[in-house]
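2 protein chains.
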Amino acid sequence: MTIERTIALDVMGGDFGPAVVIPGASISLLRNPELKFSLFGDEAAILRELNGHPELAARSNIYHTDSAIAMDDKPSQALRRGKGSSMWKSITAVKDGDADVVISAGNTGALMAMTKLVLRPVAGIDRPAIAAIWPTVRSECIVLDVGANIGANAKQLCDYALMGAAMARALFHIERPSVALLNVGVEEIKGAIEVKETHSRLRHARDLPMRYHGFIEGDQIGQGLVNVVVVEGFAGNIALKTAEGTARQISRYLKDAMQRSFCSKVGAFLAQGGFSILKTKMDPRRANGGTFLGLNGIAIKSHGGTDALGFASAIDIGYDMAESKLVKRFSEDLNNFYRQITDQLNS
Amino acid sequence: MTIERTIALDVMGGDFGPAVVIPGASISLLRNPELKFSLFGDEAAILRELNGHPELAARSNIYHTDSAIAMDDKPSQALRRGKGSSMWKSITAVKDGDADVVISAGNTGALMAMTKLVLRPVAGIDRPAIAAIWPTVRSECIVLDVGANIGANAKQLCDYALMGAAMARALFHIERPSVALLNVGVEEIKGAIEVKETHSRLRHARDLPMRYHGFIEGDQIGQGLVNVVVVEGFAGNIALKTAEGTARQISRYLKDAMQRSFCSKVGAFLAQGGFSILKTKMDPRRANGGTFLGLNGIAIKSHGGTDALGFASAIDIGYDMAESKLVKRFSEDLNNFYRQITDQLNS
Numbered sequence: 007m008t009i010e011r012t013i014a015l016d017v018m019g020g021d022f023g024p025a026v027v028i029p030g031a032s033i034s035l036l037r038n039p040e041l042k043f044s045l046f047g048d049e050a051a052i053l054r055e056l057n058g059h060p061e062l063a064a065r066s067n068i069y070h071t072d073s074a075i076a077m078d079d080k081p082s083q084a085l086r087r088g089k090g091s092s093m094w095k096s097i098t099a100v101k102d103g104d105a106d107v108v109i110s111a112g113n114t115g116a117l118m119a120m121t122k123l124v125l126r127p128v129a130g131i132d133r134p135a136i137a138a139i140w141p142t143v144r145s146e147c148i149v150l151d152v153g154a155n156i157g158a159n160a161k162q163l164c165d166y167a168l169m170g171a172a173m174a175r176a177l178f179h180i181e182r183p184s185v186a187l188l189n190v191g192v193e194e195i196k197g198a199i200e201v202k203e204t205h206s207r208l209r210h211a212r213d214l215p216m217r218y219h220g221f222i223e224g225d226q227i228g229q230g231l232v233n234v235v236v237v238e239g240f241a242g243n244i245a246l247k248t249a250e251g252t253a254r255q256i257s258r259y260l261k262d263a264m265q266r267s268f269c270s271k272v273g274a275f276l277a278q279g280g281f282s283i284l285k286t287k288m289d290p291r292r293a294n295g296g297t298f299l300g301l302n303g304i305a306i307k308s309h310g311g312t313d314a315l316g317f318a319s320a321i322d323i324g325y326d327m328a329e330s331k332l333v334k335r336f337s338e339d340l341n342n343f344y345r346q347i348t349d350q351l352n353s
Numbered sequence: 007m008t009i010e011r012t013i014a015l016d017v018m019g020g021d022f023g024p025a026v027v028i029p030g031a032s033i034s035l036l037r038n039p040e041l042k043f044s045l046f047g048d049e050a051a052i053l054r055e056l057n058g059h060p061e062l063a064a065r066s067n068i069y070h071t072d073s074a075i076a077m078d079d080k081p082s083q084a085l086r087r088g089k090g091s092s093m094w095k096s097i098t099a100v101k102d103g104d105a106d107v108v109i110s111a112g113n114t115g116a117l118m119a120m121t122k123l124v125l126r127p128v129a130g131i132d133r134p135a136i137a138a139i140w141p142t143v144r145s146e147c148i149v150l151d152v153g154a155n156i157g158a159n160a161k162q163l164c165d166y167a168l169m170g171a172a173m174a175r176a177l178f179h180i181e182r183p184s185v186a187l188l189n190v191g192v193e194e195i196k197g198a199i200e201v202k203e204t205h206s207r208l209r210h211a212r213d214l215p216m217r218y219h220g221f222i223e224g225d226q227i228g229q230g231l232v233n234v235v236v237v238e239g240f241a242g243n244i245a246l247k248t249a250e251g252t253a254r255q256i257s258r259y260l261k262d263a264m265q266r267s268f269c270s271k272v273g274a275f276l277a278q279g280g281f282s283i284l285k286t287k288m289d290p291r292r293a294n295g296g297t298f299l300g301l302n303g304i305a306i307k308s309h310g311g312t313d314a315l316g317f318a319s320a321i322d323i324g325y326d327m328a329e330s331k332l333v334k335r336f337s338e339d340l341n342n343f344y345r346q347i348t349d350q351l352n353s
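Protein chains in written order, with the working numbering: chain A, 7 to 353; chain B, 7 to 353.
If you're looking for bench data, these hints aren't it; they were derived computationally from the structure.
Treat the hints with care, as some may be off.
Repeated chains share a single entry, so a pair holds when one copy, or any two copies, can fit it.
[Stated by the list, open to error] Using 16 Å as the maximum straight-line C-alpha spacing, the simulated EDC-like pairs for lysine to aspartate or glutamate come out as follows:
hint	residue 1	residue 2
1	K287	D262
2	K80	E193
3	K196	D79
4	K161	E200
5	K285	E250
6	K196	D78
7	K42	E329
Since the structure is predicted, the reported quantities are computational estimates derived from the model, not experimental observations.
Starting from the given sequences, assemble the full structure and let the hints guide the process.
Structure (structure tokens):
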């Protein structure tokens, strides 16, 4: 028997609101027919969009809200004034056990502040992180933190490693995922003090719920050497955006290069099958969705500017995570890891 | 009248030593016929390679050394035991005024430690930085620090901005280059404290020898919005390597995609003119060479594994920098900037 999973959607979030969220949910429902949706937002606007998606309408409950968080609200403003908003109420649905996951394309800072307040960090975690799914030449890996926090000490980086491993287990179905620390060199003498300290803790820990790989450098992320890459949020965010920017830059080079001569144009026309495979591979919508880890509940942030296909990817991730009992398992891993460290200190 | 410029080469540095350094110098001499070279290393090995390059031989002096720094020597070992090495002596040539620039493909840590000790940082600079040349869709920009130091405070980031502007002036011949700070968002409320503090100092400074642009994010580096991008060395190194890795990853996707069908193969064959333009654009050898900035002299680190074409690029950069009286101008900029800040504090 398949267990139904309910996804809470902040329908008003993102640059396009219901016009993207509803068709996105419809695409994901086709792929995951056991999904149910709780739709939070302006009822009239939701109903208008649902008209074109009867299968989705049949699997959805609508919860009307009068207000929404603006993309440029500061987190503090959002917390003060946002209690009745579609974002707030969709998060509350997870807290109350009425939904398994919340997904929003809204304001990242507001979503982080609200999920922290409503869902609360898992006991022992002081900072939730944002994890990105990063395409590699082999398949995909998880990179965290990509910008929830600036800086991280060794304790927090160890937490990220455990969180990332839990997510990899949920998404990739690998019992002991491989985890690496991002550094400026692979030698033990190099790197930030916190990173070296984290390395030493992970290397000496017993019975880790992961295979600890050691250091990797920025150029190795895309090689798919490991399932999880751990880095503090400033460098992680810059790495993620730099990779996106480089991909766009090369697409532009490629387009220009194929326009240079008649022969290139004909060749590009003939090779269009190959180019469309390349385009799919490089499509940022396939990896859309930053997952907030370390909270008592799963929250996913979709890119604000994505389309229905991109939003559907974020829902797919949320579905896989909900299936996996990620939060419960992660709490156990965390307790085991820190009990072990305490035991070592006491022995 | 063209003034002759002398480049000191650590011929024994890098994975291939004379086999790459000598042909590399020969290529650069073709492009810059007014160059002269001081070659430091094993005389017999140098003479063997020079046999095939009579024009270069005619423009070179050889200085025999018995020892060389190994690629895996620690900086402290290199300093203790490396005084007679080809690396040490080539740096000393710049200090003594016998050469304008030193170039080595050897051990980065050792080169940084030795140049700091021999050339000394410019008065007022506590930390030299490594600058990379980054290809953009418009032309090129300079990114620093890409790994000389981990972390940087606001004073050091301001120094990097001034150093980067001086290098852009030398290489791009722009009197007031545009400079941006790399951050995790473009809003003023976001980012690391040091980055926000640097922003405030640069925004309020008068008569800067640059146009200060404000923040940019990782995906904007390759767009060529500015001439110089400033970031602390941990995130900067990760950004640079992530961009290199992403470029390799996409090349691999492209190659695979073009092999998928007969039609794609024919198309790729016809479009080979376009692909070769793309390949040139993406060739990492064109931007080879990390420049050490903030020292009383110019030192350039070539990639250890590059070939003659890559090494020639590093020499070309060194030549442009030597031409520009970069060090003198930079010292003046630095003095003006800090005098202004002191004046503000006293008024």
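For each hint, the structure was consulted:
1. When the C-alpha separation of K287 and D262 is checked against a cutoff of 16 Å, the pair qualifies only between copies, where the shortest distance is 11 Å, while the shortest distance within a copy is 20 Å.
2. When the C-alpha separation of K80 and E193 is checked against a cutoff of 16 Å, the pair qualifies only between copies, where the shortest distance is 11 Å, while the shortest distance within a copy is 41 Å.
3. In this homomeric assembly, K196 and D79 come within 16 Å of each other (Cα to Cα) only across copies, at 13 Å, whereas the closest approach inside a single copy is 40 Å.
4. With identical chains, the CA atoms of K161 and E200 are at most 16 Å apart within one copy only, with a shortest distance of 9 Å there and 23 Å across copies.
5. Within a single copy, K285 and E250 get their C-alpha atoms as close as 14 Å, which meets the 16 Å cut-off; across copies the closest is 19 Å, which misses it.
6. Taking the shortest Cα distances, K196 and D78 sit within 16 Å of each other only across copies (13 Å), while inside one copy they are farther apart (39 Å).
7. In the homo-oligomer, the alpha carbons of K42 and E329 lie at most 16 Å apart inside one protomer (13 Å), although the nearest pairing across protomers, at 68 Å, exceeds that limit.
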